[in-house]
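Here the protein sequences come in this chain order: A and B.
In our numbering, each residue carries its 1-based index in the first sequence increased by 46.
In our numbering, each residue carries its 1-based index in the second sequence increased by 14.
Simulated from the structure, these hints should not be mistaken for lab results.
A virtual CB, placed ideally from N, CA and C, is assigned to each residue, including glycine.
Taking lysine-lysine and the DSSO-like style, the derived pairs with C-alpha atoms no more than 30 Å apart in a straight line are:
hint, chain 1, residue 1, chain 2, residue 2
1, B, Lys64, B, Lys123
2, B, Lys130, B, Lys73
3, B, Lys312, B, Lys131
4, A, Lys97, A, Lys85
5, B, Lys123, B, Lys73
6, A, Lys226, A, Lys252
7, B, Lys130, A, Lys226
8, A, Lys226, B, Lys123
9, A, Lys226, A, Lys267
10, A, Lys267, A, Lys333
11, A, Lys240, A, Lys333
12, B, Lys312, B, Lys215
13, A, Lys226, B, Lys312
14, B, Lys130, B, Lys312
15, A, Lys85, A, Lys96
16, B, Lys123, A, Lys252
17, B, Lys64, B, Lys131
18, B, Lys312, B, Lys274
19, A, Lys267, B, Lys274
20, A, Lys97, A, Lys122
21, A, Lys252, A, Lys240
22, A, Lys240, B, Lys123
23, B, Lys130, B, Lys64
24, B, Lys312, A, Lys267
25, B, Lys215, B, Lys274
26, A, Lys226, B, Lys131
27, A, Lys226, B, Lys274
Computed far set for chain A versus chain B, every beta-carbon distance over 12 Å:
hint, residue
28, Glu87
29, Lys128
30, Arg133
31, Ser134
32, Val165
33, Leu206
34, Phe250
35, Gln332
36, Lys333
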Amino acid sequence: MLNQLLKSSFIPITTVVSLIVVFWYAGAVYLNSDVLIDKYERQNTEWNFKKLVEDSWAMGRPVLPAPHQIMSDMNKSLFGRKITSKRSLVYHGWVTISSTMVGFVMGGVLGILLAIGIVHVPTLNKSVLPWIIASQTIPILAIAPMIIVVLGAIGLTGLLPKAFISAYLCFFPIVIGMVKGLRSPDPIHLDLMKTYNATQAQAFWKLRWPASTPYLFASFKVSIAISLVGAIVGELPAGARAGLGARLLTGSYYGQTVQIWSALIVASVIAASLVFLMSFMERIVQKRMGVLS
Amino acid sequence: MKISGIIYWIFIICYAIQFQFSSDWMLLGENTALLALLPLIGVVIILIRKGITESVTGKCVISLLIASGCLSTLNSVHMSDSGTTSWGIWLYVAVLTLVIWEAMGFWSKIDGSRDKKTAIAVNLLVPVLFGAVLLYLWEMLTVGFQVPQVLLPAPSMIGTAFVNAMEMLWADFQQTFLKAVLAGFMIGCCSGFGVAILVDKVPFLQRGLLPLGNLASALPIVGVAPIMVMWFGFDWQSKAAVVVMMTFFPMLVNTLAGLKSTERIELDLMHSYAANYWQLLFMVRLPNALPFIFNALKINSTLALIGAIVAEFFGTPIVGMGFRISTEIGRMNVDVVWASIAVAALSGSLFYALLAFIERQFTGWHPSIRVS
Chain A
47 MLNQLLKSSF IPITTVVSLI VVFWYAGAVY LNSDVLIDKY ERQNTEWNFK KLVEDSWAMG
107 RPVLPAPHQI MSDMNKSLFG RKITSKRSLV YHGWVTISST MVGFVMGGVL GILLAIGIVH
167 VPTLNKSVLP WIIASQTIPI LAIAPMIIVV LGAIGLTGLL PKAFISAYLC FFPIVIGMVK
227 GLRSPDPIHL DLMKTYNATQ AQAFWKLRWP ASTPYLFASF KVSIAISLVG AIVGELPAGA
287 RAGLGARLLT GSYYGQTVQI WSALIVASVI AASLVFLMSF MERIVQKRMG VLS
Chain B
15 MKISGIIYWI FIICYAIQFQ FSSDWMLLGE NTALLALLPL IGVVIILIRK GITESVTGKC
75 VISLLIASGC LSTLNSVHMS DSGTTSWGIW LYVAVLTLVI WEAMGFWSKI DGSRDKKTAI
135 AVNLLVPVLF GAVLLYLWEM LTVGFQVPQV LLPAPSMIGT AFVNAMEMLW ADFQQTFLKA
195 VLAGFMIGCC SGFGVAILVD KVPFLQRGLL PLGNLASALP IVGVAPIMVM WFGFDWQSKA
255 AVVVMMTFFP MLVNTLAGLK STERIELDLM HSYAANYWQL LFMVRLPNAL PFIFNALKIN
315 STLALIGAIV AEFFGTPIVG MGFRISTEIG RMNVDVVWAS IAVAALSGSL FYALLAFIER
375 QFTGWHPSIR VS
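The whole structure should be built from the sequences, with the hints applied where relevant.
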């Protein structure tokens, strides 16, 4: 039992995490000390190191808030308020998740259809694929605020514009992964389908599609994460009043660092759980396909 | 082969129809009618002499004839001052696009397996043709249907804005790319690489950091931008800090994976040569890790640009690509915004291409490059 625990990565991870927390607390003291010492000297208060440490972990608008401050703020804004309240992080998180999911579905469908086209039509393969690869080098997030404003100008507001950005971001990994996946069957298997006189559709549904599932889920994991990033950046323009991105922006306007950090941590938790959800679905599909026994 | 024959016939029939009933667009602009006739000649030549598309000269002639059709429609659509162009031009454009698709088909059919140079030429030419067609359709549709400039400006307008605002865009490029992106990219990649080498020596740390690093690559790190702007001020240093944060983890994770990729048998061989740690690192493990490291560099080149531009939304001195995008959109100067985006896209692509080129020089021995 103990041996197993030592071999697993549980202990190393906890060590590293606790090291990070220790450094965080130390960093909070270091970064906040300038402001505090300045304040003490202006008010001519007596101060020693102990007081400095205690104060720097309890500032209202710290340069770097201490972890427990973030935790208590998260606790307050996640559980302390009604879910429908504008100050509840559950509400903002839900807004972001919903546009992430809608964008992910749109991008997923688009990506899979494009990949099917690229695999089956040679001219599409030669002409479109290089552009898709090249467009990955373009900072698409840079266009995000513009798309929001432009779509807002023609009356499209709310969830859809953000979902467009998410879709735009997440269709690339899916196209690339699926083209690879749909081409992954061995030539010998494709030849076998030919000897069975299978049509192209049959070869697709019975061979190419099942063979591409590992690639599909690998792409899904990447794209759901960037879909979330897309949704958050889509909420940055001033038009958006709800969502984690809007929380970040208002936090930075009013110097509410604790609010920024708790929004960031909620975003990270959402990202991690969405990726976990994808791995979970992958396991179910693999079990049903008989890959995992 | 059958389908393409049908397409050519459709083109001829549609040409006749629009010529008979709605050909007033051909009267606008100089030589429009003449230029519009040339693709018809090309199609007729293909139908009479099927073999003409086999030779490269034939392909060139046919493509030029078809391209003149594009020119004529552009001519006409720019001349008409109102949006009420006749339906004939759109029928013409639609069937012309079909013929262009066929033309791209016969270009992409060139067999490049024997000659490396033709393979490269075809792989460059077809995508360029496709991009040109997209630009053509974009220009036609936005000008022809008088799409509001706010929604989508025509490429020609973006081009003019680009030329007019060249100095401003150059200053933005210097601020965002040459200062923030390059500095952040260097620091982030080097520190990720260095930490990876250190961590690799301590298996305990490695088991602790690797899952966290993988997790970090899924996190929306761009979100630290407002914090960094608060810490490091409005100038490029804060943007570089965001870039460092974004590029660090991909480099760390990929370098660690690369260092692990050396096979047991190679390590054993080095062991039997009595190689010490550094010899092992520099002669076997790092060269083996190079494909992974270049992969991280390429991923990071995109991330770095995104990080810098998004960080500029949170505050800048009055220069920078992100600043330009967010202010010009507020003033509804959409053409300048698009010109900025074009600069960002171009610099991102060139950065990526440069890294890919260096990768080819350094990892020419790797199977994934040798085969293709």
